[in-house]
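Enquirer: Spelled out from the first residue to the last, the chains are:
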Amino acid sequence: MSSMREAFLSTTEEVLDADPDVAVVLADISAAQLAGAAQRHPDRVINVGIREQLLVSTGAGLALAGLRPIVHTFPSFLVERAFEQIKLDFSHQEVGGVLVSYGASYDMTTAGRTHQSPGDVALIDSLPGWTVHVPGHPDEARRLLLESIPGDGRIYLRLSAQENASPHLGVGFTRLRTGSRGVVVAVGPVLDRVLRATAGLDVTVLYASTIRPFDAAGLRAAALAAAPEVVLVEPYLAGTSAHWVAEALSDVPHRLRSLGVRRDTEVRTYGGIADHDLAHGLDAGSLALSIKDFLQG
Amino acid sequence: MTTATEPGYAGLPRLISLMTGDDKHSAAAESTVDVLWVLYDRVLDVTPENFREPDRDRFLLSKGHGPMAYYAVLTAKGFLAEAELATWSDPVSRLGHHPDRRRVPGVEISSGSLGHGLPIAFGTALGLRARGLTGPKVVTLVGDAELDEGSNHEAIVVAGRAGLENLTAVVIDNQSSTRGWPGGIARRFAVEGWETRTVSGRDHDALHDAFTAAHPGRPLAVVAVVEPKG
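Chains R and L, in that order, are what the protein sequence lines are. Residue 248 in the numbering used here sits at position 248 of the first sequence; the count goes up by one each step and never skips. Residue 185 in the numbering used here sits at position 185 of the second sequence; the count goes up by one each step and never skips.
Please keep in mind that the hints were generated in silico from the structure rather than gathered at the bench. Keep in mind that the hints are not guaranteed to be accurate.
Stated by the list, open to error - Which stretches of chain L does chain R cover? Using the computed rule of at least three CB atoms under 8 Å from a CB of chain R, they are: (1) 102 to 116; (2) 124 to 134; (3) 147 to 155.
Being a predicted model, the structure only gives us computed values, none of them experimental. The beta-carbon is built from N, C-alpha and C at its ideal position, and this holds for glycine as well.
With the hints as constraints, model all of the structure from the sequences given.
Expert: Spelled out as structure tokens, the structure:
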């Protein structure tokens, strides 16, 4: 099985070959893998070098000229470094594009903080109208990319080295398990460990690979059918979607526990992904403890 | 396109005074007014009739602050009604202290934050080329102090190497950059492969020549020198 990144790159090549209105902008990252596509489509595969402000603004300019841009690099550089370009050159201009990152919160564990981006979704969430895809499997990444190409929406597609064993190609919140004591929401790559953590618990498990727009109706229906006790498990900053949960259940007395990447400290750990999962309480064992503790509270 | 009913260049000071309420803001005091006039009157193929057409020329005002001269020229060219100018910055108005492309007809980008116009123009010029639209020009206006923003330098390098002939940057040089540009602004562009022309930002014929003479295979930087910022 290929990785999400490989699925993205091969699907992008297919799209470039098939659709003359699609262009890709790169800042050296992934340029070698797309060298063949760049040879076939020199006007539509643009590598600006290590210039992330220009990367994002170029994508917006391409959109203004009538093309559908795919803009790609690591999330620290795509979303954090060039955030004003995203805010003004895409959102404020009201033009569309598909921003694709690979690296997530801590895929590059030995690279340290510079290559970790747990705040990317929260930053994008500060802008209105963006669709945010957080696939949990390469097949989901492929489909979400293909679905992002038509139209002129503003899309953030967040790819990760972490993934689940099987794809779940649903829309909004997909109910994977039904229970009565509460609702656990799993976003993207955390699904399999959420399923392990909740094995034997009488809870509903919802899964989303698209977290914006937030499926408030789906959450509300699940919470009213079970109990208004919600655990949110996200693979980026803890509580990034908490305000949407509060909004969805604003007229229902409810409790919420938000799990995700720690906000209270910068974890200065190298090692592997499993070490970082443990440090953030995002491994299956830690999740099981947190969820049981919350439901008993 | 000029018709008998258009105010023309001589009418711009009056249009500007409708916004400022102050005749001392004469056209001569506006650093951009002559460049804007020459572009819209003699260089760009963009009109109220064609500004939604894919093959129009594009003008991207990067230096979005102080847009009175811009609004005045757009009014003189029929994009805006003169009556709107007096309402500028009111809650009812479409005309803010920075232009908004979603509100003002003919405005290609919403600007204000410095250093965005040239990078966006780079992308637009690439995009037009990729679509086979080789005719339209993409012209962006930046200030000499705005060039301090590093995003411009990212665009200067890559546009120069890409030989983007359909891209023009016009730099209004009123010598307001904090650290200055040793050897002149044009040199910053020239070393990256741009064709450069430095002319008086008040000389309409010199500006016209600078904008329209051929520069095959290279983007064009026009440095328009005006009075130092007072």
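Enquirer: Now look at each hint and say whether the structure bears it out.
Expert: Each hint tested on the structure:
no.	hint	result
1	102 to 116	holds (count 7)
2	124 to 134	holds (count 9)
3	147 to 155	holds (count 4)
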